[in-house]
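**Student:** So you can see what is in the structure, the chains are spelled out below.
Protein chains: 2
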Amino acid sequence: MILENEQENWAMAVLGIVAEYNPFHNGHLYLLEKSRQQGDFSATIAVMSGNFLQRGEPALCDKWARAEMALNAGVDLLIELPFCFATRSAYYFARGAVQLLQRTGVVTHLAFGSESGQLSLLQKIAGILAHEPESYKAILKKGLSRGLSFPLARSLALQEFMGADKKELQEILPGPNNILGLEYLRVIEEEGIPLVPLTIPRQGSSFHSSDLSPFSSARAIRQALYQNLSWEKITSSVPPATEEILQREISLGRAAIGPDNLDQAIMVNLRLISTNYLKGIYEVSEGLEFRIKEAANSCGTLEELRQCIKSKRYSLTRINRTLLYTLFALSKNQIELYDQHGPQYLHILGFSAKGQKILQKIKIKSKLKIFSRGSEMKRACDENQGTALADMISLDSRATDVYSLLFPSPATRRGGRDFTTSPVILPPMVPGT
Amino acid sequence: MILENEQENWAMAVLGIVAEYNPFHNGHLYLLEKSRQQGDFSATIAVMSGNFLQRGEPALCDKWARAEMALNAGVDLLIELPFCFATRSAYYFARGAVQLLQRTGVVTHLAFGSESGQLSLLQKIAGILAHEPESYKAILKKGLSRGLSFPLARSLALQEFMGADKKELQEILPGPNNILGLEYLRVIEEEGIPLVPLTIPRQGSSFHSSDLSPFSSARAIRQALYQNLSWEKITSSVPPATEEILQREISLGRAAIGPDNLDQAIMVNLRLISTNYLKGIYEVSEGLEFRIKEAANSCGTLEELRQCIKSKRYSLTRINRTLLYTLFALSKNQIELYDQHGPQYLHILGFSAKGQKILQKIKIKSKLKIFSRGSEMKRACDENQGTALADMISLDSRATDVYSLLFPSPATRRGGRDFTTSPVILPPMVPGT
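Protein sequence lines, in the order shown, are assigned to chains S and W. When you line the first sequence up against the numbering used here, it's residues 4 to 436, in that order. When you line the second sequence up against the numbering used here, it's residues 4 to 436, in that order.
Keep in mind that the hints were calculated from the coordinates and are not lab data. From a predicted model like this one, the values you see are computed outputs, not experimental measurements. Where is the CB? At the ideal position from N, CA and C, for every residue including glycine. Treat the hints with care, since some could be wrong.
Partial list, computed: chain S residues near chain W (C-beta under 8 Å) [as the list claims (entries may be wrong)]:
#: 1; residue: L408
#: 2; residue: A414
#: 3; residue: G418
Covered stretches of chain S (chain W as the covering partner; in silico rule of three or more C-beta atoms under 8 Å from a C-beta of chain W) [said to hold, decoys possible]:
#: 4; stretch: 267-278
#: 5; stretch: 297-303
#: 6; stretch: 330-342
#: 7; stretch: 401-407
Stretch-level coverage of chain W by chain S, calculated; a stretch enters the list once three of its residues show a Cβ under 8 Å from a Cβ in chain S [claimed, not checked]:
#: 8; stretch: 43-56
#: 9; stretch: 271-283
#: 10; stretch: 294-301
Just chain S, with the same shape it has in the complex:
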């Protein structure tokens, strides 16, 4: 039977991707299409951040809308990366995502974009990061004791340790996509995860760039939206479906959410809590609690606050994330527990017809709970009170409830959406059309 054959094919090769899709743009489409050309893949599964991102900011539009964009571009199944991994530094973000892909039980390959495109060199570096040879560690330690920030000390230590590749390293190490890619490869190496890595060289403007071109960065597209630039510029940078979905979300009053939309809640919370409370929050150490409290006292806006806390040691994204942990009262102990367990469930945000079939396969192969209805997620949370599973769900759900309050239209701000929203389903494709 055709169906059985197809199922066997799926067992052979399934492509995994990690993304934020904030929003889905031509660069994401390019990665998707190029990756699929690298093998005979039965389906593509993307692990995607929810409503809050690795930069510690709320997403432009909600996770279901972003999943829909990806489905339209050909991703078959969208799974949410829980908040407790999605809003973390590169290593823990990568670790949560790679573990989630592996725990589906069906993903065989991991594709990622990189500025470099040189997989073997990236793997070589990732191997050093994973195994930390003694002499590398000694150089790193020396740099840190000289007061260098960790990324800089690490970069210099790698250059000194690897010697011959020094010039290439100087090009590779600053690339934000390279950095994430290195962390995926490091996790694969560290944990012996049987995912075959693929890397596709990124096209177009750099990650931080804000000019618009066919390969504009997500950041440039968001800026264009916030600044109400003409839609033409956005049109040229995203697939038509992304544009339609963005326009729909804006007209429904559910977009565009900016990085400062949580301003009051974050500032008020910081003024109410004590330094002692702050000290228990994840990533608050070395007296950062005093630095944050002082800034909260002297600053009038979130942007002023970020700039005030920022230093060589604390980057803006790290500060943003820390402020988010503070608002959500995420303690060091809680995060330790989440990291110990890794992802505990697959929250399905959307699927295509092919995605639906692979979900059946996952139900057989995966040990994780699969939530393809909100009510299932709620039940699992209620029935497992006190476990890491319930805690992670509760955190995701609270994040969604807080995010919903940022919608421009008050009528759309209802809470409990994680427990009531169904995955986005693209109409099953009719063969031959």
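Starting from the known structure of chain S, arrange chain W on it as the hints suggest.
**Tutor:** Relative to the frame of chain S, chain W by itself:
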């Protein structure tokens, strides 16, 4: 010597007033002037709410600006009613304020406005409230068991118990100024406080009215400000100094603060906390925690939330106060401790030349700490950690820090103002000018 004679006069009669001055208007001026005609008073002291009010809302402009309005109208000394009393139901508000006046050691009279103006009848009712005769209690209990709200059951029980005065009672009991007046008189009676009460009949439009006249209510004046009505209408309702101060505060970007300005912080906080946490908050009982959480989940704005929680049992002001307690994490135990101790300090918001002299008298007569500099308040808070005194100061200070974030101009939102702001001082009056 003239100075000594003056000091002796002060010892004879000092007028006390309890107020919110949100903002100070012609009705307040009328009360002040009429009260002072009732005796030979050496000075007038007002106990005034800080930045948050009995309705559970932030004030129109900050406490120093409102103190300045009152000083200009002839009040000599402004003392802050701590947050933990200022944002409470009528009885506890009145109790905190009357205790504070008494604890100055110098106030001899308490003046208050009332719709009724009939002191002896108000005292008669207050006596019943203070002593709760058995037969009155029985009627009250019966009414409550019939499901009546407490104010309605109390009103009907008083009417039945007092019989002969029934018709007058029907007129007296609904008046918001009468209600507060009754509570002042009740506290005086209950605690045997040696303050002589005076009541002045209110002039002009009712408390809840929103039309503007020479005796417009504070509410009507605030509405006119929020709605950007012409200044002429405000001019006719407030003394010139109030108008100038309001215009200055607006131009400095520190006014006008509306009742919904804390919207996001309150809503986000409600979505983050659990019903179990809510249950520990002061005034949350009888399952109100579930009612609040449900409303927080279904509502998109603070106004919608209030209307959604509102019922026969829970008035809008009670809900507003409860939301404030929730934001400031005020537990039942904490409030019990505060009520046990009563006011622990005199935070001086402003004084006239006469007020400065009476402050010297208070320093001799009062057992409470007197803060006429922010730094003194901070030191007392730091040095008495863990006591009711330090807790109350810390709460006041956090309330001011949160309030400052509501200022329209970001540059004015600095925290720590309670610990850095000096009292408003009206230039000493030169005799004979």
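**Student:** All the hints need checking, so say for each whether the structure fits it.
**Tutor:** Going down the list of hints, with the structure as the test:
{"no.": "1", "hint": "L408", "in the structure": "5 Å, holds"}
{"no.": "2", "hint": "A414", "in the structure": "6 Å, holds"}
{"no.": "3", "hint": "G418", "in the structure": "4 Å, holds"}
{"no.": "4", "hint": "267-278", "in the structure": "holds (count 7)"}
{"no.": "5", "hint": "297-303", "in the structure": "holds (count 5)"}
{"no.": "6", "hint": "330-342", "in the structure": "holds (count 3)"}
{"no.": "7", "hint": "401-407", "in the structure": "holds (count 3)"}
{"no.": "8", "hint": "43-56", "in the structure": "violated (count 0)"}
{"no.": "9", "hint": "271-283", "in the structure": "holds (count 4)"}
{"no.": "10", "hint": "294-301", "in the structure": "holds (count 3)"}
Comparing the model with each numbered hint stated earlier shows that hint 8 is the single one that does not hold.
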